[in-house]
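Peer 1: So the protein lines, in turn, are chains F and W.
Mapping the first sequence onto the numbering used here, position 398 (from 1) lands on 398, and the numbers just tick up by one.
The number in the numbering used here is simply the position in the second sequence, starting from 1, with 1000 added.
It is worth saying that the hints were derived from the structure and are not from the lab.
Because the structure is a prediction, the values reported are computed rather than measured.
There is no bait here: all hints are sound.
Some chain W residues near chain F, calculated using beta-carbon distances under 7 Å: (1) 1037; (2) 1233; (3) 1420; (4) 1485.
Where is the CB? At the ideal position from N, CA and C, for every residue including glycine.
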Amino acid sequence: MYPSKMMKGLFPIVAISIAGMMIARANAQTPGPTTGVGWSANVQSTSGSVTPSASYAIVDATQYTALGTDLCAMIASVFQVYNSSTAQGIIVDARGVPSSALTCSNINPWGTFLTSISSGFSNTVLLPAGTIIIEKSWILPNYTHVIGLGPNTTVVTAAGGPTSDLIEMGQPGNPCVIKPGVYDCPGIVIEHLGIVGNGHEKGISNCCSQELSRVNDVSISNVTTGLALTDMFAQNSGPYSNLTISAVNKCLSIGPASTGNVMINSRGVHGMTCTVSSATYPAITIDGPSNSLEDISISGASSTTQDGILIGSQASAQGNLLFNIRGSGLRNIIHISGNNQTGQTGTGNCPFPETGVGSGTVYNVCDVTILGVSTSVSNGITIQDDLTNSSIADPQVAMYIVGEIIGTNSTNIGYSRYTTASAPTTTNGTPWLVGTVAPSASCSSQIGTLYSCIGTSTQCTSGGYTAALWECVGSTGWKHIQ
Amino acid sequence: MARARLLCGSRLMLLALIMGVLMAGSTRTAAQEGDKTVWAQSGASTVLAASTIWVDATSFCGTGGGTNNCNGASFDFCTVVSKALTQLLSVSPAGGVVDARGVLPFGAGTEPCSSDPFVPLETLSLNPPVTILLPAYNIELNPTSGAGSGTWVLPNNVRLVGTGFQTVLLGAATCCYTAGYLIDMGSLTCSTGYTGIGIEHLQVVTQALATTPSTYYGGIDNECAGEGSYVSDVKISGNPSTPTALGAVGLMIGAGAVNSGPYTDIYVVAAPGNTCGSSYPSNVSCVSVLTQTRGIHGISCLGSEATGASSVSAGILVNASNNSIEDVHVESFYDGVALNDTSLGAINNIFVSNVSAGDTGACPSGGVVNAVHVYSGVTNATITEVSNINKPAYSIEDDVTGAKVENCNGTGCAFPITSGLYVLGGSEGSTAGQYTRLATTPANPTVYGGSSTVVPVWGVGSTLPSGSCYIPGTLLSYTSTGGGIYACTSGGSWAALP
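Can you build the whole structure from these sequences, using the hints too?
Peer 2: Put into structure tokens, the structure is as follows:
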């Protein structure tokens, strides 16, 4: 045999031998820090042939089958070995789990962390491509990062009929208990994932996950509510960004908090495409204060009554910012509720979280800033504001900002407001117009509108009056002010 | 005959080629320590080979541990990283990844860093992009060596990426960090411009001698790193177990860090673990901005409950034009967001939105006095959606126009105090004290807090304005039939415009 042939023949033998030794070693040893089973490999030797060595940088879930051979069982098996008693944290690489093992048994991979108060063990789980079928909610403990390969590539779906939420960011119990009745599981991150329910309650719910907890690049479909912030213990969470939510009753709900609690604030929802399949519910509800919703596109169920974003219908919702909102198939793209709460200690300029201790009435909403909203529905309403009884019919509105009560606390004669809405079909829109000639057209639907004439005195003369400032007084048209 | 010679020659050439490949492989292997192992194709077979773009630092932990890893080995984290960097640059001069996620002992504890891990990069005139993946573990910077040398100074194009909260870069208790900060994004001298420096998914914890506040120091300092430099998903904190506070700003963005950012998802705890009424050190700011940036988007900023609102301090200082501050939560500072508090000069074009000033509720100073404080010298600032749950407290204090918006008088008043829109434009005309301004909070000392000033607004309503009013200068569009525009007169009554 020629040397070349001999060497060529040796290559597969050597390779198979090495691989075989690795597999044999893996199977023969108990997984754990002392064995390095499932660890990633790197070159250890400084001379001679390539010698693989184990590294704890990443632990491959496929080598862990103590609790079963499906994806969830493999991940849970890893956490059986690596937890706060053996390590400080772990990167679990489950990207190599084959498609035949993606139907999970009735197990929450993170279940082992839910039995006691948080130990501070951090974990990052890398999920494989494919459709992962789960029978039990994934309740995530603190310091958990769940990362897929993309919302169209890694899809978590539910088996069976409606039972519960698919993924929960913490829970009102261990390991999130700070003190009785107070919960926080910080540092929960969900990224690059698709979630397909089977009529289940929510795609992702956050009751109890606060600082540095967020959702990014996630699609959710076939659930009743896509994303829900369900209690005050989700404060300071977010941002919730780059979301695609479809085939749901409701895409997003922020609050109301559980009984006795009041929602606080979030870091906002930035970038969401929302498509609802039901006309029964608003696509988005905001029943909490201090949230920013930016770059939101909503497709309704072609209803003549449906709201895109409904603010403050159930609870206090002051201080919210809405920026770049687009809608179709809806009656109202944004609906500012006029609901109020009775039994307050006072009547107040704005909502406050004291209930059942007085006789005052406080409206749920004040101080809403809306910048850039549009509708593609002809004859639709861009903004329905029940506080000022205004229906803004302009298909595009650059600015609509409603503030607080003008008057006294007990006498509400109006709200501070600025808007650029000026369509004739708008009800109670009162923009500040500017032009180079005196206003002369009818303005019966724009009573209270202000007009600044910046032309020459000749140009700014009408009806025998020359003025730089005019007001609309209704059927009699424009009246000069000064 | 000729064909036989040709075949013989071909076989010799093939043999020489194979031997050459094998020899070259041996040579390369000698320089491949730490490279990630991958399967490679060799003829019809697969063999183990080294990936040069990705170096695993665990190979440099030394011996004495468990099975080919760092468990139980005696090693210095930064020495290991430095060796891995050297290895990476030798096999991949164009840059790559140093994976140090496995460089940790198992079980609770702290691993030391007693040297500068970035030396291999500092000797280069042009740094390639390098990503360093850090483990979920406490890494104590410079626990034993001399003062000032413990600070990590990140070279150009270096990205530090942790695993989240549990990757902790821990300052030492006995070291002074004369540079003032635990991490510098580029050198402090700005002798050269820095770009592409990133810090992600980790926690920075300073600690010092609890009884010696003079030894306290700050978190991250960016004096010189501009384009492509950012901080994301990072917690910066004093040490809650000692407890010790930050001795300098949590995140400093200096004048040379032009166009850096965005700085996103930041959580700063300036003074953890303190108690009410203690003699805890005074507040230091969570963030200070001294140049135009791509903004601070998403931050929670917690100050000292002991001194918080009772002393003049600011959670977020903005002393430069052209910045956006969004999605903010602040507790335990006098000012939540302060614009131009040092009055270094005029600043303009500032956008502030969604500021929520909270109150820990545990201490009298746990709240915030001014959610947003506009100091003199500011023009063209847009402030939208600000709330303050403290009581008494202000949503807005504007020194430029002298405006204050305080929550309401008496018991049972609304809180938090909120302001939907407060836009301060520029000076108008030649008369001093005239500014363009739009606001939605119709503040006045009768209905709002007694310290409130009158803030005229423009409103809308369908109820006939009549009787007294408290906001002279306010306009109200009365939209019912026969309506028009009414004004609140200086005498305190509503009157239709003439």
